[in-house]
Amino acid sequence: MSEVKESLNNNSAPEKVEPTYWKSFKELHNSNEFIEASHHEFKDGVTDEFELSKLSHLSRRKFLALLGASAALAGAGCADYRDKGEIIPYTKKPEEIIPGKANYYASFSNCCKCRCGILIKTREGRPVKVDGNPDNPVSQGKICAKCQASILGLYDPERLTSPLKKARNGNFEKISWKYVDSEIRNALLKSNGKGIAIIAHTINSPTALSVLEDFRKKYPNTRIYSYELFSEEIKNSAWKKCYGDSQFPLISWDKAKVILSLESDFLGSEGNHIENARLFSNGRDVNNTNKFNRLYVVEGNMSLTGMNADYRLRLRPDAQFEFVMSLLNEVGRKINVDIAGNYKLSAFAKKYSLLSKTLKYLVNDMMKNRGAAIVYAGNSLSEKTHIAVNYLNEILGNKNLYRNETVSLHPYSTKDEWSELVSSMNSGRVGAVIHFDSNPVFHLPSDSGYKHALQKVDTVITLTELESETSLLGNYTLPVNHSFESWGDAKTRTGFYSMQQPVISPLHDSRQKEAALLCWIEKDGFEYKENLYHEYLVKNWQENIYTGLKAGLPFKQFWLGALHDGVVIFNENVPSTAGFNNTALADLNSTADVSGFAVVLKESYSIGDGRFANNGWLQELPHPVSKVTWDNYAAVSQATAKELGIDTNDYIEITIEKRKLKIPVLVQPGSADKTITIESGYGRTKSGTIGTGVGFNVNVLLTSAYGLSPWLFSSAQVKKAGGSYEIVTTQEHQSFDIELLKDAAQKRGIIREGTVNEFLKNPHFLHENSEHKLDTFYPEFPYKDVKWGMAIDLNKCLGCGECVVACTAENNVPVVGKEQVKRGREMQWIRIDRYYSGSVEEPSVSTQPMLCQHCDHAPCENVCPVAATTHSPDGLNQMVYNRCVGTRYCSNNCPYKVRRFNFFNFRDNFNDGYQLDNIFSLVYNPEVTVRSRGVMEKCTFCVQRIMEAREIATREKRKLRGYDVKTACQEACPTNAIVFGDSNDKEAELSKYRNHNLGYHVLEELNVRPNVTYIAKLRNTHTEEV
Amino acid sequence: MNENKNLYGVTALFDSANEIIHAAKEVEKAGYKNFDVNTPYPVHGMDRAMGLKRSTVGFFTLFFGFSGTAFILLFAYWTMSVNYPMVIGGKPFFALPSFIPVTFETTVLLGGIATVVGILAVFFNLPSNNHPLHDTDYMCSVSNDKYGIVIEAEDPKFNENEVTELLKRLGAKKIHTVMNPGKESFPIFEGRFVVFLILVVLVVCGGTYFTLNKVLYLEPFDWMLEQDKLIPQEKSTIFTDNKGMRTTIEGTVARGYLPYPFKGQTIPTETLANPLLPTKKVLEFGKGKFLTFCSPCHGNYADGDSRLHGQFPNPPTLHSARAREFGDGMIYHIIVNGQNTMPSYETQTTSEERWAIINYIRALQRAKNAKLTDLQEVQKELGVNVK
Amino acid sequence: MEVDYSTEAAVVEGNLRLAEIDRIISRPIEERPGKKYLLALSISSSFLLIGAICVGLTLFYGVGMWGNNQPVGWAFGIVNFVFWIGIGHAGTLISAILFLLRQKWRTGVARFAEAMTIFAVMTAGLFPIIHTGRPWLAGYLTPYPNQHGLWVNLNSPLVWDVFAVSTYFTISLLFWYIGLVPDFATLRDKTISKVKKTIYSVFSLGWRHSNRHWQHYEKAYMILAGLSTPLVLSVHSIVSFDFATSILPGWHTTIFPPYFVAGAIFSGFAMVVTVLVFVRKVFDMENIITLNHLERMNKIILATGMMVGYAYGMEFFIAWYSGVQYEQFVFINRAFGPYAWAYWTMVSCNVIFPQLFWFRKIRRSVPAMFIIVILVNVGMWFERFVIIVSSLHRDFLPSSWGMFVPTLVDLGILLGSFGLFFTLVLLFAKTLPVVSISEIKAVAPGSQPSHAGNHNE
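Which chain is which? The protein sequence lines are A, B and C, in order.
Heads up: the first sequence at position 327 corresponds to 938 in our numbering, and the numbers run straight through without jumps.
Heads up: the second sequence at position 70 corresponds to 496 in our numbering, and the numbers run straight through without jumps.
Heads up: the third sequence at position 353 corresponds to 354 in our numbering, and the numbers run straight through without jumps.
Source of the hints: derived by calculation from the structure; they are not laboratory data.
Do not take every clue at face value.
Claimed, not checked - Covered, in the sense of this in silico footprint (three residues per stretch, anywhere, with C-beta under 8 Å from a C-beta of chain A), are these stretches of chain C:
1) 71-84
2) 154-168
Claimed, not checked - Below are the DSBU-like pairs computed for lysine-lysine, each with C-alpha atoms no more than 35 Å apart in a straight line:
3) K36/C to K459/B
4) K661/B to K1140/A
5) K583/B to K220/C
6) K600/B to K197/C
7) K1238/A to K655/B
8) K105/C to K600/B
9) K706/B to K797/B
10) K459/B to K1570/A
11) K703/A to K689/B
12) K776/A to K1161/A
13) K713/B to K1150/A
14) K706/B to K1297/A
15) K479/B to K198/C
16) K1568/A to K459/B
17) K195/C to K479/B
18) K1285/A to K724/A
19) K600/B to K789/A
20) K1372/A to K1140/A
21) K459/B to K1577/A
22) K661/B to K1297/A
23) K805/A to K1150/A
24) K1395/A to K712/A
25) K655/B to K712/A
26) K1297/A to K1330/A
27) K36/C to K451/B
28) K105/C to K599/B
29) K713/B to K704/A
30) K1597/A to K661/B
31) K712/A to K669/B
32) K1358/A to K1429/A
33) K1568/A to K689/B
34) K459/B to K300/C
35) K971/A to K1358/A
36) K797/B to K703/A
37) K479/B to K300/C
38) K1577/A to K797/B
39) K669/B to K704/A
We put the beta carbon where it would ideally sit given N, CA and C, even for glycine.
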């Protein structure tokens, strides 16, 4: 309303037209009458004393006049109406922005070393969501939960807003960059005699590297250290010993027919698991069942990969070496390659009570599929295990499954380099330490003495987004840009570069970390410009990289194209694997001593190495296996728990040499006895409101003098520590011993499964003995044209939970906090149900994404007294928030319990109003209502996207088609297990699944006619199993 | 006949139910019509003794009860299937079975209310607090433990002495005459009471208004009217300039928006090629955009005959040799950059629109100076022979 | 004491004269409140205060203050609602059904029971409102076009509830008031205080005990009784539809309507006895509310108690007989699952203890019956708890199972509901005739014509 009035008020005076070329002398000489004339915008008689009555009927101005009058009238009428705030349009609208329409920018996120390509969705120049960039050859449009949630990190209200300097009294005070620059320049120059250490995570940006080089040119004694808490260094060193190349190759999972994964979570947290998952799931296509791959997993704790195994064996990780050796012998005997040491598989099986039948299958499968039977060892295993595995693959002839595409621009620092650094720091030979967006104080082993040594350094600079354990110990804490505010490039694989571009100018007084260094290279008085690094980046590309690529285009176009696509793809030859170096086998005869407890540290599925501790979405994302949120825990087997006389939530104390850790346990079905698995990244002592003090810091167990591997410890002592804690899960712990509850999901037909052979023998086996007629009392409601439906392929669904975060981001789902999750009030619209079946020792696991099923005969609709949930003509079960009074009757009557109720205004309730911080208004999807307290909500099939698609279709004067819409969960699913579309469209991919022989509805006997079809999981076991 | 205008009637009190029954019978036999019996509780057989007809309250109830039924069914039909039909649980709009409970309840409700209001207002015509019998000893005793009979003066047969005689004969314990009260006073119309009423009305109305328009919108009540999400053109105090809408960053490239590389050059070093073919669809599209953005100055047929009738320096026709020799890329360049007085149309048009416009301009130019061959082409297409 | 059942026991004992009846019944109204009364009132009103505070918290912070969660969307709120609605039923039953059955003895207790009905329904009526997430929108539940131009969803049992409960309340109120009119008249003619007289005059509407009125009056009273009888049955049936029409195993049961009605009468009578035991003592009305009355009510408690017990058994049988595994699971889970304690409390309180009423001694011993009826009240509250919570907490998908743990606010509101109810009851007992004067007079010995006036026919 008000803008209409404004537009009426400004009766703009016609400006004098400056003639740039002339038609007549009059005009040329600016004769008065001409100017006079040109002052009137219109001919005489029209402008002068304009009167409504005089105007003809169809006059534009009359229309405007009436419009104005009515506007004024309405304005007066609604005087008491609530003010909607002022309206601020663009003064000069950028070409690409149309208010209310989203833009996408290709970039990548710094959230992990994978540098997956992303498309950042922006609205009016503000990033609101992150999707995958389909042009990126590795991630191919899929990204992990961390990447999805990184948008929340951008708007973290606790990000540093300006540089901080430690004052005499020890606490930090704000200081302007100007002073910071000069002070640091001086400090660096002073310390020039001494060394300067730059400590970074993985460096895979060529330009950043050249910045560091320039920095080193300026300050010659600079040394660059890089590390990751969880890396493949052991694997790589083993590979180097075997093949000379320092990079362990990638695996073509899609080519492998048989996969043996040893203590490796390649689908969950190791390597580029998004890519792994995609390739792996190629071998799980229900429309191509005889191409199914077979996954054997031998592991100590139930991992995401273990959940998806066809055959799973429990084995404590420090016995893996022995296992591989016995396997090697068995295989070697079969193909007459003699292997050192006398390991017997049968004996080993007896020793660790492994199913010899399974082992038999395993060996046979490997022999049958030589060249396509990959053996893959987890990062945490010891070097010799890796060597043995490499050799096993060698003799099985699996070389063609290797892809040597990994590129490392800068090697990780070795044990010795670290110890050397620490010692020189202690002896005062290091003048300055620059933490390049890294947190070594939290990550490095406590016995490395780094933390202590840091006090000996005069100038400690921490470039970081959030204050951290490390920044507290420094003198300068300098805010850096979030990846969505940064320029950059990356080279992670052969054959392409990834490009990074900012989508919003820095929200706070922060700089890009590379720019900070550039600024310190320059001499004093140098003025920092916001596009400093941008220019450097372009220059570097123009001069160094572009020339090498021999691209056809002129640089400018090339560059713009590169930014547009987010990747630069070019031809680069992939090095082939060299011959196996048998000297490596020398290490294989000694056997690891397996004693006491084995302790394994794993990277957290959600918060990584602790970098994402302050991210509420990730903290609340349930653990894919245990469904625990807001905590880490020590996973033990039931037998071990009994032996220790403890149960879930009780504390245990782990002692490895001198290092102690007190942590609550969780009895994890399917984990090996005497094995304790803990996720790292928790127990941050300085990480904002959300992350601080969540979980337990297991990095205290790390040591720089490790035996097997940095993350695997043998012969640890464990004892009951007394006292107990509360671990909260989003799913009740399932009991195995009560007959009534055992295998409930299977008995109830919620989870329906079969084996590949069963299916091949009889494609209709699933529905054979479940024939029931479903009558209705009323005639069916006819759904014309589009009717939305979904199919979820449980063969492809790994249960990773990427969809959960994507949904949270898309639909403005609030974080409720541990306390409320404990009460059973989590708000996520889609959840991954996990069911165990079988015994607690050897359970088989089934996962099932559960979201609103949009039933045709929705039970929730009948019971809502205020018609707040009804059906739309295109088959959606709608939830109308502003009608809802919150009786919760619909939730009671929902057989799937997928409805979520705002028991509080959770934004207010959680951490006393943490989410009410003004900046959170930028996170929310403008197209989705922010629900208040007392309102019921649930999955809408991303109705806002459907509406957008419909608008476009209408504008383009065509029918809306099912494939025009992609839901957030569907976009996020790394394995494309979710298919969405028009179930009336018989040609659509959706129908292919809905009418598939393996398709079934959960609780279909209730006759609520759900619209989500599940494709039953096929386990690729042997026929005898059936 | 009754001479004393002020007399209401004669009352008599009795001690037992039997006596009063007897008395009532006698009085009725004596042919009195306007008489009444007052007893602290309903005495069995009294209505027969007084010769009263059967009560007809029942019909009242019946009628209103069924009107309730009819009303609610119509209500259900109208609201659920006419006024605001919605698909609920796949049911038809008028799902009769699930409306039966409310139907029953409404029937009972209306029936019940009608009965009560009916007897009170219609049958008893209560309230009547200024009835002559009130505040008499007679009334006090009958409402406690005595049984009374009153014969009213209106009765055509009424004669004070005769009546008194009759009642005496029937063995009445006390006999009184009851006078009509003088002029009635209506306390309801007393000034103080009226003021009180007005005050009540004001308080109620004010309170209601205040509650519905103010209180219900205070914390903690939430109507989701203000949501802390940022919608287009909204103010946001997070940014120093208070603008919720941000601009793009210099040098970045949005998907599908490759910036025009030769921007700013008056004579472009290089020009782009037109990616669109002049299909019917494209030309239609281009025409629309041309008429929106170009025609105000260049005229509907690009003759340079501005609709602004030369108040601005007239723009050139696009049919000039110069304009026709321009390559598509050059025109594109002009649209993006502007030329002389013509401003840049970069922000108003997308690149697709520009190319479409160019195609349309080409069509116009072609049409303006068509060759004979073109005519033949047209004839071939239309299959007619135009002279 | 020996009672001869061959002739009907006198309704009013001690051969009271009519004036006597007046005096006894109106005494509590005219005298100043005694110590005992004030003590009782202060206790109940402080409970009410606690409840009010807890409701305040709920309104301000949200339903999150309660223990409800994802699977268990309904808990104490609806439990209390059903419980109190149930309590109400005895009143209507006594005043309407027993009236139609010509049970003279009802007169002694009818008025009080009706009052309790009204107060119970008032208490119950609060819960559907405060249990909603956005109580300030509760108006949407009433059939008017709200600001979305939207009407109510007449398919929803909750809307049926709105109709049923409001109808029930209105009719009960009218019924009660109609009964009060003659008594108001009596009080009006009795009192000397000017103020009281005006008030009574207003409420008595100028009733004159005229037999031309009595005739219609009795007819109307009969009609109302006739209307209330199906009404009272329908109300709890409809309340039970909240559950019966859902698809939740343990709720989706055809036995619910009769089962709920029986339960309601069961609990209602228990509550009436609980209160009357005090009232007749405090206001010494032993002669008007006699031991026979109590004994008769105890008999009804025994009968309905066994109906309820039958229903418990039948539920299990049907669950087994249906062969639906969800049904079977729910009932096994009720009896042996995490909420078994609630289930067995319910069974023992509702089925086992009432069996003691087979013995006349216990039926007629005030302390014994008091203990039993208190247990019945507890048991019936738990019945609703078991039905609602134990069905909800473990339904179809094991993944969504959870537990319900009440919070202090939950308990506070429960306490408050009792506070409200008893406060109202106490106020009533002091301001209005707790027994219908005219009705008692009508059934007092010798009050009716010896030959019922039908000589000469």
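Hints, one by one, checked against the model:
1. Counting residues of the segment 71-84 of chain C whose C-beta lies closer than 8 Å to any C-beta of chain A gives 5; at least three are required, and the coverage claim holds.
2. Under the rule that three or more residues need a Cβ within less than 8 Å of chain A, the assignment of the segment 154-168 of chain C holds, with 7 such residues.
3. Pair hint K36/C plus K459/B does not hold up; C-alpha atoms about 55 Å apart against a cutoff of 35 Å.
4. Between K661/B and K1140/A, the direct Cα distance comes to roughly 27 Å. Compliance with the 35 Å bound is thereby established for this hinted pair.
5. For the suggested pair K583/B and K220/C, the alpha carbons sit about 31 Å apart, so the restraint of at most 35 Å is met.
6. About 28 Å separates the Cα atoms of K600/B and K197/C, which keeps this hinted pair within 35 Å; it holds.
7. Distance restraint check for K1238/A and K655/B: the Cα-Cα separation of roughly 30 Å lies within the 35 Å cut-off, and the hinted pair is therefore satisfied.
8. At most 35 Å may separate the alpha-carbon atoms for a hinted pair to count; K105/C and K600/B meet this at roughly 33 Å.
9. At most 35 Å may separate the alpha-carbon atoms for a hinted pair to count; K706/B and K797/B meet this at roughly 21 Å.
10. Distance restraint check for K459/B and K1570/A: the Cα-Cα separation of roughly 85 Å exceeds the 35 Å cut-off, and the hinted pair is therefore not satisfied.
11. Of the pairs offered as hints, the one joining K703/A and K689/B holds, with about 17 Å between alpha carbons and a cut-off of 35 Å not exceeded.
12. Among the hinted pairs, K776/A with K1161/A is inconsistent with the structure: their alpha-carbon atoms are about 47 Å apart, more than 35 Å.
13. Between K713/B and K1150/A, the direct Cα distance comes to roughly 43 Å. Violation of the 35 Å bound is thereby established for this hinted pair.
14. Of the supplied pair hints, the one linking K706/B and K1297/A is violated, its CA atoms being roughly 65 Å apart against a limit of 35 Å.
15. Using a Cα cut-off of 35 Å, the hinted pair K479/B and K198/C holds, with the two alpha carbons roughly 34 Å apart.
16. Between the alpha carbons of K1568/A and K459/B the distance comes to roughly 87 Å, so the proposed pair goes past 35 Å and is violated.
17. For the proposed pair K195/C and K479/B, the alpha carbon gap of about 39 Å is over 35 Å, so the pair is violated.
18. Of the pairs offered as hints, the one joining K1285/A and K724/A holds, with about 33 Å between alpha carbons and a cut-off of 35 Å not exceeded.
19. Simply put, K600/B and K789/A have alpha-carbon atoms about 114 Å apart, too far for the 35 Å limit, and the pair is violated.
20. The hinted pair formed by K1372/A and K1140/A fails the criterion: a straight-line CA distance of about 69 Å is larger than 35 Å.
21. Only pairs whose Cα atoms come within 35 Å are accepted, and K459/B paired with K1577/A is rejected, the gap being roughly 88 Å.
22. Under the criterion of a C-alpha separation no larger than 35 Å, the hint pairing K661/B with K1297/A is consistent with the structure, at around 34 Å.
23. For a cut-off of 35 Å, the pair hint linking K805/A to K1150/A stands: about 32 Å separates their Cα positions.
24. Pair hint K1395/A plus K712/A holds up; C-alpha atoms about 29 Å apart against a cutoff of 35 Å.
25. Between K655/B and K712/A, the direct Cα distance comes to roughly 16 Å. Compliance with the 35 Å bound is thereby established for this hinted pair.
26. For the suggested pair K1297/A and K1330/A, the alpha carbons sit about 29 Å apart, so the restraint of at most 35 Å is met.
27. Restraint check: the Cα-Cα separation between K36/C and K451/B comes to about 52 Å, which exceeds 35 Å; the hinted pair is violated.
28. At roughly 31 Å between alpha-carbon atoms, K105/C and K599/B fall within 35 Å of each other, so this suggested pair holds.
29. Only pairs whose Cα atoms come within 35 Å are accepted, and K713/B paired with K704/A is accepted, the gap being roughly 24 Å.
30. The hinted pair formed by K1597/A and K661/B fails the criterion: a straight-line CA distance of about 47 Å is larger than 35 Å.
31. In summary, the hint linking K712/A to K669/B is supported, as the alpha carbons are separated by about 17 Å, within the 35 Å threshold.
32. For a cut-off of 35 Å, the pair hint linking K1358/A to K1429/A stands: about 32 Å separates their Cα positions.
33. Distance hint between K1568/A and K689/B is fulfilled; the C-alpha atoms sit about 33 Å from each other, no more than 35 Å.
34. Pair hint K459/B plus K300/C does not hold up; C-alpha atoms about 50 Å apart against a cutoff of 35 Å.
35. Restraint check for K971/A and K1358/A: satisfied, since their Cα atoms lie roughly 31 Å apart, inside the 35 Å limit.
36. Pair hint K797/B plus K703/A does not hold up; C-alpha atoms about 44 Å apart against a cutoff of 35 Å.
37. Proposed proximity of K479/B and K300/C is contradicted: the alpha carbons are some 41 Å apart, above 35 Å.
38. Only pairs whose Cα atoms come within 35 Å are accepted, and K1577/A paired with K797/B is rejected, the gap being roughly 51 Å.
39. For the hint linking K669/B to K704/A, the alpha-carbon distance of about 13 Å falls within 35 Å, and the restraint holds.
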